[in-house]
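Put the complex together from the two separate chains, hints included.
The chain contents come next:
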Amino acid sequence: MNRISKISYLFAIYLFLYAPILVLIIYSFNDSSYSLVWQGFTFRWYENLLQNRELQIVAVHSLMVGVLAATGATAIGTLAAVCLYRYKFFGKKLLHALIFILIISPDIVTGISLLILFSTLKVPLGFWTLLLSHITFSIPFVTVTVYSRLTGHDKNLFEAAKDLGATEGTIFRKILIPLLWPAIIAGWLLSFTLSMDDVIISFFVTGPEFDVLPLKIFSMVRVGIKPEINALCSVMFGLTLVVVLIYQLVTWKKQS
Amino acid sequence: MKKDKVFSTFSTSVIWFWLAVFALIPSFLLFVTSLLMQGDNELVRLQLTLDNYFRLFNANYLRVFLRSFALAGTCMLGCLLLAYPFSYIVARMPKRYKGLLLLLVIIPFWTSSLIRSYAIVAILKTHGILNSLLLTCGMIEKPLQLMYTNTATMIGLIYTLLPLMILPLYASIEKLDLRLIDAARDLGAKKYQVFYKVLLPLTMPGILAGCMLVFLPAMTLFYIPDLLGGAKTILIGNLIQNQFLAARDWPMGATISVALTLLMGLVLFIYWLCYQRSKEPQYEPHQ
Chain A
1 MNRISKISYL FAIYLFLYAP ILVLIIYSFN DSSYSLVWQG FTFRWYENLL
51 QNRELQIVAV HSLMVGVLAA TGATAIGTLA AVCLYRYKFF GKKLLHALIF
101 ILIISPDIVT GISLLILFST LKVPLGFWTL LLSHITFSIP FVTVTVYSRL
151 TGHDKNLFEA AKDLGATEGT IFRKILIPLL WPAIIAGWLL SFTLSMDDVI
201 ISFFVTGPEF DVLPLKIFSM VRVGIKPEIN ALCSVMFGLT LVVVLIYQLV
251 TWKKQS
Chain B
1 MKKDKVFSTF STSVIWFWLA VFALIPSFLL FVTSLLMQGD NELVRLQLTL
51 DNYFRLFNAN YLRVFLRSFA LAGTCMLGCL LLAYPFSYIV ARMPKRYKGL
101 LLLLVIIPFW TSSLIRSYAI VAILKTHGIL NSLLLTCGMI EKPLQLMYTN
151 TATMIGLIYT LLPLMILPLY ASIEKLDLRL IDAARDLGAK KYQVFYKVLL
201 PLTMPGILAG CMLVFLPAMT LFYIPDLLGG AKTILIGNLI QNQFLAARDW
251 PMGATISVAL TLLMGLVLFI YWLCYQRSKE PQYEPHQ
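Chain order of the listed sequences is A and B.
So that you can map any letter, position 242 of the first sequence is 242 in this note's numbering, and since no number is skipped, the others follow by simple counting.
So that you can map any letter, position 261 of the second sequence is 261 in this note's numbering, and since no number is skipped, the others follow by simple counting.
Hint data in this document are derived by calculation from the structure and do not stem from the laboratory.
Quick caveat: nothing in here was measured; it's all calculated off a predicted structure.
Glycine residues also receive a C-beta, built at the ideal position from the N, C-alpha and C atoms.
Please note that the accuracy of each hint is not assured.
Pairs of lysine to any residue residues, derived as SDA-like cross-links and limited to a Cα-Cα distance of at most 20 Å, are as follows [stated by the list, open to error]:
no., chain 1, residue 1, chain 2, residue 2
1, A, K174, A, N156
2, A, K122, B, F28
3, B, K98, A, S8
4, B, K190, B, L62
5, A, K93, B, K191
6, B, K5, A, R173
7, B, K175, B, K142
8, A, K162, A, F172
9, A, K226, B, F195
10, B, K175, B, F195
11, A, K88, A, L98
12, A, K92, B, V21
13, A, K122, B, V32
14, B, K142, B, L130
15, A, K226, B, M147
16, A, K93, B, W16
17, A, K88, B, K5
18, A, K174, B, K5
19, B, K125, A, M220
20, A, K6, B, L130
21, B, K125, B, G230
22, A, K226, B, K125
23, A, K174, A, G207
24, B, K98, A, Y9
25, B, K125, A, I26
26, B, K175, B, V21
27, A, K88, B, R116
28, B, K191, A, W128
Derived, one-sided and incomplete: chain B residues facing chain A with beta-carbon distance under 10 Å [claimed, not checked]:
no., residue
29, T12
30, F57
31, Y61
32, F109
33, M219
34, T220
So that you can see chain B by itself, here it is in the shape it has in the complex (with noise of 0.2 Å):
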């Protein structure tokens, strides 16, 4: 009997020790640095203060707040708008299809995603493939100045995250009793009331597991806005980049991301408010 408690408590410190190690003290000293002060020679100075997050009310920072909020918000509907009519199709497929379209999604999910942004880059230059084929096609007169604008980064943050939208919608609607989807229908209701009535709410899990997949990492995905939407369009992500790399001010990095963290934390408890109302049985009792 001794000896079988020397396997599952070495197995329980390595990994008690390494999480210890390298997420939970990392994450306390990320927080002890968003209390300290910048130093003139040194990184940080270790002096106590609440101050980085009094200037986070800074009108500038809040703006990159609400702006990331909007641009994580928009890509999460266009993902959402573009996956959802996919997924629904491809749930309903004839079973030997499926695999292989599923496959033809999970590619693009697991391929680096800066790859593909650059792919993107490709696309959209002023002397890129999409205005060639625009000025070819007489669609346009003079190339469309694409690169560098907010909508080259929707379009680059939609393409990299959709498949994450994709996945859980598909995981819900297949498990989806189509049966429920006649029922309805022989019981007089009509397209719109099938889908507000019967497949929203029953889909809604999956709705709101892939609105949440999108919504974290687009405003953290930096080197997106950085390769496709050049200066303009400034991220949470680039914020806390910033601050690492050209402005050298740690503390104030390390507050933005603990900031981050919690409205992120606030984000995923609503998502599981949602969540468990969705799995609530739906249905009204007759009088």
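Looking at chain A on its own, in the form it has when it is part of the complex (with noise of 0.2 Å):
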């Protein structure tokens, strides 16, 4: 292949892979309600989603879910790659073997597993039982990225903090968290877009009266398309621009 063609490849699967994006970012921004043809500039739509009380409940509910899920993940994720890394218990094979399986599980089923678990405890459907599955599909992969970033150090350091005296929660404190810094981030963030974004999981464990953004979406584009909906979605690609480019630094930071 000569480098033309190598060029024009690259480039046709990028605007296949940005295209829809665009258009879509595009047509927020156009004055008008059903027609394609472009009918000038205008914000009216995200004035419009503004001024939508419903929606910005439902955008808060995301947020709240997000951040709080994300740092409960972040927490229990991290000390179970510092447990599976350092210590040596009961069952850990078969924790290896679970955040493996936790990963590749489909949603659908981790969705309704978990359904089924909350209406045998008879837990109410809402805010807590979305949260609490969040945590759940977030861990295996905050461990998975704290743990990566683990394999990478010098053993010999902890028994040396050992040797002057310091305990395991100390060398946890003092060493680990700040060692693993930019992998803690890495999987927050990764975390809390992990929860923005759930459909699946999220359409079978909240009630009515908890709505989030993924779902809201969805119901919205079910019922037809609409100028609005143009104009939530490129804030929330935005919003994702945003996370994967701190993502980006932070790792990057990390290599060099």
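The following block contains the structure:
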């Protein structure tokens, strides 16, 4: 293959990946409700979004669950990575396997398993069930991110700290946390986007009084396409872009 | 020494507790539910039966399973054919471009697949961008009916899952020692021989990983056929969702999920076997 055909192939794939999103963003500024013809530039749909109380509540719900779930998952996932790396304990191999299974298992199975758990325990579906489920499906991703950062380190460091009288708790606070900081942030960001984007699991484990953004978009899209949804999706895409760039910055520093 | 135990005991028990309550017990309950019967007033009747598993062999269910497999397989092949040349070209680019090119693949990977499916809807609609574009160019005379067809579902699935194929492929092609290709060429191998005998076997782990990451979710992303395929394409994901929400037959929904999990386990096992084989040395000793 010559150079030009190579570059045009790359271009075609990028076009395939980005064209739909770009079209969405462009049309979120189009001053027309139905027509595809360009009617002029407007911020009307974004203003409508800002005035839509219902959507605001749903957006706040999503952000709240996203932040709390990411924080919880990061705390537990980091502990899991450290345990897997440092300690010998009952069922260690099983834990390794379980984390792999949780990553690979289909969202729909995770979703309905949790739904059955909550209905067996008679827990009403809503904020708490959603939060617990989001923490659960994010944990393995944090563990994998943090674990891969741990394996690069010299184990003698921990031996030295121990010889100097540090307890395990001190080692965790004074050595592991600072060392793992970039991976912990990366894990948090990954959990946050996973939580903000999840449709399938949330679909099963939340109740009617606690709606989240992806589910709201899903039900809106099924009814029909409105310019407000274009605006909303553009905002969410922008948010993801910011998170990815921060993530890249964090992991890029790690390499240099 | 005793104080030392506190931290490790505490952290291991936190993780075990969490995963036991929210991963192991729910899976067990799912399995138990699949063995129960649908209740008249309550969701399930506490009576053990294997009936649901026999019902699974009903022609309607089997058809959905087969169609899901076929659709996911086609999607996997489509992604592989699109992604392999792409990953190869990117992996051989000058180093300073690679980072940026890869970042551009990672961004859609992080973006909500729901939003991206919605973008596809906007493009494919009868009065959507694609039709207007083709009409203005004079390539078609009346709008194509793309929405609510299998083609639309396939486009949506490939579009959503393509980054998951590109990333592992890129990782394995990038690791490849490119001098091997030159060496093969110097020794007189033709281009297709280089591909079959050198490139393909050495990048097999990446191909298998990518296929896995595309095939498994393709069967269960129920909102993509929902939005793009209308009611015509029912995937296993839609089937399970229907049992839980429309039919209110939780035991049957649980049974289909257990069957799906077993099938995936089987696919993973085959993947593992292929992976082991692909890692073995491939050259044959001289006689």
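| request: Return the numbers of the hints above that this structure violates; sort them in rising order. | output: 4, 5, 7, 9, 20, 23, 26, 27, 28, 30 and 31
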